[in-house]
Amino acid sequence: GDSVTQMEGPVTLSEEAFLTINCTYTATGYPSLFWYVQYPGEGLQLLLKATKADDKGSNKGFEATYRKETTSFHLEKGSVQVSDSAVYFCALSGSSGGSYIPTFGRGTSLIVHP
Amino acid sequence: NAGVTQTPKFQVLKTGQSMTLQCAQDMNHNSMYWYRQDPGMGLRLIYYSASEGTTDKGEVPNGYNVSRLNKREFSLRLESAAPSQTSVYFCASSEGTSGGYNEQFFGPGTRLTVL
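First to last, the protein sequences are chains R and P. For the first sequence, this note's numbering assigns the number 1 to the initial residue and increments by one for each residue that follows. For the second sequence, this note's numbering assigns the number 1 to the initial residue and increments by one for each residue that follows.
Hints in this document: simulated from the structure, not taken from any laboratory. Please note: incorrect hints may appear among the correct ones.
A partial selection of chain R residues facing chain P, derived with a Cβ cut-off under 7 Å [as the list claims (entries may be wrong)]:
#1 Tyr39
#2 Pro40
#3 Leu46
#4 Arg67
#5 Thr70
#6 Tyr100
#7 Leu110
Beta carbons: idealized from backbone N, C-alpha and C, even for Gly.
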């Protein structure tokens with residue numbers, strides 16, 4: 001079945017540092033890939049997405065590129081802010097062996113210090 | 001648009017009590033979902049409804065029941081609450097297409113404590 005593996009957190013950074021959160025997946029076919037963000041006390045919200053190989057999703061300074069050859073969708077940001085402190089979830093859906101129901105990673109907590 | 005709304009926001013129950021968590025969406029989505037979120041466990045799917053009139057079990061359905069009341073509303077019922085059901089519950093919705101490009105929209109969550 002489908003699976004998503006994220007790096008374990010928490011990831012602790014100083015403001016303006018470079019961020020990478022690794023995400024790899026196992027799925028058949030060409031799933032869509034997503035990053036969701038969950039701010040404290042809130043539900044998840046879509047951060048960015050990519051629907052085919054080599055697509056780059058971007059939003060709010062975050063980027064992720066759909067790498068079919070390495071089955072990865074790593075999240076990056078060049079300069080993090082305290083307000084980026086949240087939990088980040090990688091997810092996929094629509095693999096040929098699965099369904100439209102997303103498979104989520106376990107989430108990576110990001111803590112940014114001033 | 002309100003998006004996905006959930007009630008209540010917080011609830012404390014005693015073991016054995018019952019309650020219903022309510023969820024509604026105003027985006028005309030076909031599919032709706034109930035998840036629970038526990039520390040270190042990520043999100044786990046309890047039940048989902050692919051379309052109005054259908055419901056299916058997810059990863060952790062035991063101890064729960066659901067009702068898809070109409071296209072907008074999807075409720076989750078705990079018939080006899082247990083401490084193991086202490087969690088944060090999220091409702092979500094999506095267009096439900098089979099093509100995979102299918103982002104989910106989440107409600108703000110219900111924080112449930114069972115004593």
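Status of each hint after checking the structure:
1. Tyr39: Not OK, violated: Tyr39 (chain R) not within 7 Å of chain P, min 11 Å.
2. Pro40: violated (11 Å)
3. Leu46: holds (5 Å)
4. Arg67: Result: violated, 17 Å to nearest chain P Cβ.
5. Thr70: violated (20 Å)
6. Tyr100: Check passed: Cβ of Tyr100 (chain R) comes within 5 Å of chain P, closer than 7 Å.
7. Leu110: Violated: closest Cβ of chain P sits about 15 Å from Leu110 (chain R), beyond 7 Å.
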